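Asker: Residue numbers (numbering that gives the first Met the number 0), protein chains in the order written: chain A, 0 to 224; chain B, 0 to 224; chain C, 0 to 224; chain D, 0 to 224; chain E, 0 to 224; chain F, 0 to 224; chain G, 0 to 224; chain H, 0 to 224.
Treat the hints as calculated values from the structure; they're not laboratory data.
Hints are supplied without guarantee of correctness; some may be wrong.
[As the list claims (entries may be wrong)] Facing chain H, from chain F, some residues (calculated, C-beta under 8 Å):
#1 His76
#2 Asp127
#3 Arg135
#4 Phe137
#5 Ser177
#6 Gly181
Fair warning: this is a prediction, and the values are worked out from it, not measured in the lab.
Idealized CB from N, CA, C, for every residue including glycine.
So you can see what is in the structure, the chains are spelled out below.
There are 8 protein chains.
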Amino acid sequence: MRDDQPTADLGFARVDLDRERRTGDPEVVYADGKTPEQVVAILARLHDAHPTRAVLATRVSAEAAALVAAELPSAVHDAEARAVTLGPLPTPQGRVCVVAAGTSDGPVAAEAALAAHVHGAGVERITDVGVAGIHRLFAVRDRLDDADCLIVVAGMEGALPSVVGGLVGVPMIGVPTSVGYGASFGGLAALLAMLNSCAPGVTVVNIDNGYGAGVAAARIARRAR
Amino acid sequence: MRDDQPTADLGFARVDLDRERRTGDPEVVYADGKTPEQVVAILARLHDAHPTRAVLATRVSAEAAALVAAELPSAVHDAEARAVTLGPLPTPQGRVCVVAAGTSDGPVAAEAALAAHVHGAGVERITDVGVAGIHRLFAVRDRLDDADCLIVVAGMEGALPSVVGGLVGVPMIGVPTSVGYGASFGGLAALLAMLNSCAPGVTVVNIDNGYGAGVAAARIARRAR
Amino acid sequence: MRDDQPTADLGFARVDLDRERRTGDPEVVYADGKTPEQVVAILARLHDAHPTRAVLATRVSAEAAALVAAELPSAVHDAEARAVTLGPLPTPQGRVCVVAAGTSDGPVAAEAALAAHVHGAGVERITDVGVAGIHRLFAVRDRLDDADCLIVVAGMEGALPSVVGGLVGVPMIGVPTSVGYGASFGGLAALLAMLNSCAPGVTVVNIDNGYGAGVAAARIARRAR
Amino acid sequence: MRDDQPTADLGFARVDLDRERRTGDPEVVYADGKTPEQVVAILARLHDAHPTRAVLATRVSAEAAALVAAELPSAVHDAEARAVTLGPLPTPQGRVCVVAAGTSDGPVAAEAALAAHVHGAGVERITDVGVAGIHRLFAVRDRLDDADCLIVVAGMEGALPSVVGGLVGVPMIGVPTSVGYGASFGGLAALLAMLNSCAPGVTVVNIDNGYGAGVAAARIARRAR
Amino acid sequence: MRDDQPTADLGFARVDLDRERRTGDPEVVYADGKTPEQVVAILARLHDAHPTRAVLATRVSAEAAALVAAELPSAVHDAEARAVTLGPLPTPQGRVCVVAAGTSDGPVAAEAALAAHVHGAGVERITDVGVAGIHRLFAVRDRLDDADCLIVVAGMEGALPSVVGGLVGVPMIGVPTSVGYGASFGGLAALLAMLNSCAPGVTVVNIDNGYGAGVAAARIARRAR
Amino acid sequence: MRDDQPTADLGFARVDLDRERRTGDPEVVYADGKTPEQVVAILARLHDAHPTRAVLATRVSAEAAALVAAELPSAVHDAEARAVTLGPLPTPQGRVCVVAAGTSDGPVAAEAALAAHVHGAGVERITDVGVAGIHRLFAVRDRLDDADCLIVVAGMEGALPSVVGGLVGVPMIGVPTSVGYGASFGGLAALLAMLNSCAPGVTVVNIDNGYGAGVAAARIARRAR
Amino acid sequence: MRDDQPTADLGFARVDLDRERRTGDPEVVYADGKTPEQVVAILARLHDAHPTRAVLATRVSAEAAALVAAELPSAVHDAEARAVTLGPLPTPQGRVCVVAAGTSDGPVAAEAALAAHVHGAGVERITDVGVAGIHRLFAVRDRLDDADCLIVVAGMEGALPSVVGGLVGVPMIGVPTSVGYGASFGGLAALLAMLNSCAPGVTVVNIDNGYGAGVAAARIARRAR
Amino acid sequence: MRDDQPTADLGFARVDLDRERRTGDPEVVYADGKTPEQVVAILARLHDAHPTRAVLATRVSAEAAALVAAELPSAVHDAEARAVTLGPLPTPQGRVCVVAAGTSDGPVAAEAALAAHVHGAGVERITDVGVAGIHRLFAVRDRLDDADCLIVVAGMEGALPSVVGGLVGVPMIGVPTSVGYGASFGGLAALLAMLNSCAPGVTVVNIDNGYGAGVAAARIARRAR
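Chain A extracted, bound-state conformation:
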């Protein structure tokens, strides 16, 4: 069943079914602050409207994931990314490379990777290449250079985008994470560092916002030659 009303009123939410027509991508469920029942209902409604293309829910709690598994058995749960997809993933166009500085940045990197994939890009992940052991980064330089868009995930001092941006000229999106303590102020130190990067062309998203980076990177990669 295909939809033609632009908005679906579920009582607790008005789902924007017109968004794919305007922007090329369906609406996504930000599950934090919604009940498991609401997450299931919105996912189901979005899937009805977009049956041939995967829809996505992010920040899915364990309880919500369990109810999704019970009610929507074809849904797929990505535990590391704390996300759920429903429907067939698109054929990848272009290549996004997700680079993470440390092990603890894993969940944010996983969310970015899944979001990029759901939004139509091929995705590769490179992990644990923080600047304190920079030889690990040089070993993967060619893979960085071959990507259509880079997502660089780092907490603490957030230095990785500056170093990567001096090595390759690929479009790059920095994702500061809340990994750190004390004067990291919940990711503020990494955010400010990325905004002040001396490497030209680094763009930044909100702290821990792997999803936003994934959407932006997919849009860049899938229109690349």
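Using the hints, position chains B, C, D, E, F, G and H against chain A.
Answerer: Then chains B, C, D, E, F, G and H, alone, in the frame of chain A:
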């Protein structure tokens, strides 16, 4: 004369002549904090190394612009962008659209536009389409949709990227400006707003950093199909 | 029984029974940080003093709501608004329209709506009209224009008041909410955005302060022609 | 000559001639950051479009005021408010009372008063009634009570709205000013104080934003019974 | 048993037994972050050294209070102040008046009152006289005027010290509390307000620091004529 | 000529002539932001009302001081304190000791000393006893102990009140100064340090607020036995 | 068994086995945010690579410590420091002295001491010598002077490094701790104080970062004559 | 003439002549905020007390430098470092290496280098090795490794210490500079980055505090084997 040493030591600066090979783009002169003589010398050295492609100096003071005009007569001064180029501009590939919310955001938008052009993209500007008169934005919707990358420049509450991001799915870079007063805290309000945009896929650069947005947008646009 | 002492001393609180005479509205119970017993006692005392007009308690916990239900059976609990009223609601004068950007802003919008109602205004609610799907806002433009006062509730980047303020000239109160994460800093991003709105005449209350917005809006609406 | 194009393109600005139709009030010139010539040109264009109703420019420098006086001799300069009007002021409807805590808050109070007047309200000013000499406030209580809307202007600790809000129930808009030093942080202390006022129904605008308060107050007052 | 070593080493702490000689007052136990056993041990050691004068522990948890009750049966627990005293209270000299704006400021006011008493002053408390019902403050003006030192406790916008400081010239110490939400930022709004008070001579202590205010006030009061 | 109206309206200011009756001290002129003519007029009016007791103007610019000298020849200018007095200084009661950490803290210390003197206390100054050369502090320990109230002035890390507060039990007021750079943030570092002092009973005033400290200290000292 | 691959890929982490060759010290496990199983696996792998020299895990939870005890019985748990070592501690070279202001700073001081020991220095601890009882500090002056590097740990106002830095010229590292409340803002007050110390040569690490201070101090001490 | 009084009272300052005995290094003149005459007088007095060892003044303005040249002809002015020395420089012990990320960091690096030299260490400088062209850093790796202490100076995102700290294990002091704009907040971004460095053992001084880093580094280097 073409260069093959990776670094040119001018005494007061070590110019990275290898950057174009690594990243595809030559080094750029950030003129703020340098003397007019230094700006001239670095520009000249970069032009020697990259004679067939324009090199760029940003944040150029009136004094520095005057000395550049005297010493490097083929240089071109863009007064609105407070920038200078030296050498032939590249043939544009792809199209960047620079959208500015208000008249006072003009210098930052101009810097973004020039930087995108110097880095190889075609550029179009749309000005004074702030969200308090949103009909002006709808009138240009098609031009937004046709771009390969959008740069959206706004001060004060920085709301424009969220509205644009709900209308089109083109890759977008928000540039917060320091336009505002009181609790705008020199652009912090606009920066936070853009980082927290509810529109998916908005990426952000530093306050007033038109240059960085231009580089990133050109890299996205020039590899677009 | 009508009161004529200006202050009622309950031991743990001194209830300002004179406030209605000075300002037109009785004191309200802010239940957060009070025991369920204290909430019940103050509500009962206020009701004694103002028997013909509903009195209000806000930020009422589930425990306090349960005790109120047991001890004051005529009280009405509004679970979404986390609030309780006791006594007959006034005949509405004027019309307040409460507009919320997202589903998660619901509790704050509900508190605003109930407070406006208890303070004497008629109230209408419009939900889920965030700026990323702005067509939803245009669909309700006439309802906005017909109100005597607007309350506009939004978290994240807090852009909705700016857009609404460009569409209609109705008095408007923005309520930033703590919905968001990372660099939203508990609602600070939305607060700053609303304070810096480029739309003329936007006024603002504290983060999540639906109550304050409701009182202000009712005072504006009920004196409107 | 009356206008019917919604936007007037002056090259350096696109003037929103449709705003009065949408919101009831014409666009206003924020002169800060514009050249004297630009201020003159926009004022003239707005006056052409709204010949029977005063248009306003705020934050007008001495230089800009001089050029306005030379080029638009019928314009009126309010030096205390740092503002200029052009065209006949409207017949006042309703009454706004502007209350200022200290002498140094004068310019902001004057801007608020003029903006309220230009936007159609009658205006009364009460000055120098700070909370450290609170008897001065009680002496004017009746005048506060008779207003349709109060604008309360204060710097330093910003306590005046709380005290006024406990005395009368008139709609009130607090304007924090940058008057103060040290830990006032350019008006932040007063802004936070007003946002946290224990008096119900206080709304707030940006630091030093007399203009915004005046617009909001006029809209409230002119629709009052 | 009287002590003559200046420091008593308990292993987990070095108790400063010389402080009374230097400053006139014994050391006090800040119990937060110490185990119940440690609180008991330090209290006991201080009591040994100062048998004729009450010693004090503040921020005492319920568990620590229970163990103190079991181990040191002559200790007295002040539940509202979350504090314990051991030994005879001194004969009061001078009079401290503790004024609190709201019910929720009670624990901080109680800690201040007890600390002032333990440090040698007579203490009177006045509660719930916030600025939104300022007639309650005028009713107690004489009691304020008769004190040797005032402690004024307030959260939210922290306006009470400014109003009190305009009524009387008694030495005054403001105590901002963390009562509030949103942009109160855990008491920061009240702290900044008190630091910027327009009333002359207001001094301030840390957020929620009733103890510090009590010590300072007692030292002022007990040396008053 | 003695005054009996409580308020003197000078047009640009309403002078609170009743303040001495309420609080024991006349109003003081904060000259910053006032014209030299205004400073002269208010000083003259206050002197008329309080002819037998010195009145004070603080933050007096060189221009204002020159006009005061010309118009009010009996006025006395304290250049270090940037202040002016007019009228006979009171007979000192009690003793205030003003201690400053460094040479650059001199102007703030001088303002504190003069304010204390004008408000009725005897004053002694001790300078350049910063904690990095702590032997200088021990050399003056007896003078600290003999005071009725201490004012401790320090910028940078603001450590001096903590050290002094461990040596003597005299009432103490810390004055953070804006001396410092980088992460001193205009005195914020010193302010936070003093608010968090581990020495009991330290109270604090605003950054650079020597005047406020002087008033508070004089009130404490002049009522001391 | 000695390793010669520079990186060991454990799936969830890439252990930098080359770090000792580059920097002289093996990688350390920051256990916060890792599962007990991960902590055990990385510790075991590091021990394999560095069998003759102790490896370290910091911020070890009770659960992780229990699993380490079960799986790696030769590991040693330092409960105060919340850390675990595995393998023989090196022969100490040079002497680090860890000075803590208060009892609550104990865990951070213990982490610093253990880290310094593991990284090759001899370590001495001095506790509870806060500036409010400064005689305790003078009593240990010789021990401070004899050290090769000092680590000075303090929360609240963070004044101890300034006082120590005025007494001795030994290299010194300040560690601000999160001990405090209210306007200590989680250690920010102490951090700013140490950064602004008037004593020459004070260097600082992140809030609560005992580990970092220990590494730096050991590197200084072990190369001292 | 050699001194034996510990303090020299110049009226405007008390010079700590005992500091060299306690800490090994004489007092230094921080010239900012002092008159040229005061700078000359203190320098002369310090030179009298320490005739065989250079004394130092930092943050010396052009005016002060000119007066020093006239009055103390043997003084040496280091224009880049904005500093003056008087007396023979010590024989260098150990080696400090000062590494700067960019040209604009030059003055801070120069101040650090001179301070290290004056305090007894040999000094080497490496400039313009920012992380965006990291090959320049690898080219000097051996020189980094051979130093006894590193001073790493960087503005903007402050990433250089993290990269250097992953390459060598030499004691390192990071100096954040105020180079940058927008969200660099005067060096705050670089400061936070360095405090959160993922490289072990990085210590930090205040923004632009080259002097402090130089003192600390010299103390480390001159006691190295």
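Asker: Determine for every hint whether it applies to the structure shown.
Answerer: Here is how each hint holds up against the structure:
The restraint placing His76(F) at the interface with chain H is violated, with a minimum CB-CB distance near 19 Å, outside the 8 Å limit. Contact between Asp127(F) and chain H, as hinted, is supported at the beta carbon level, the nearest pair being about 4 Å apart and thus within 8 Å. Hint on Arg135(F) holds. Least Cβ distance to chain H is approximately 6 Å, under the 8 Å limit. Hint status for Phe137(F): violated, given a least beta-carbon distance of 12 Å to chain H, over 8 Å.
The restraint placing Ser177(F) at the interface with chain H is violated, with a minimum CB-CB distance near 11 Å, outside the 8 Å limit. Because the beta carbon of Gly181(F) sits about 3 Å from the nearest beta carbon in chain H, less than 8 Å, this interface hint is met.
Hints 1, 4 and 5 from the earlier list are contradicted by this structure; the remaining hints agree with it.
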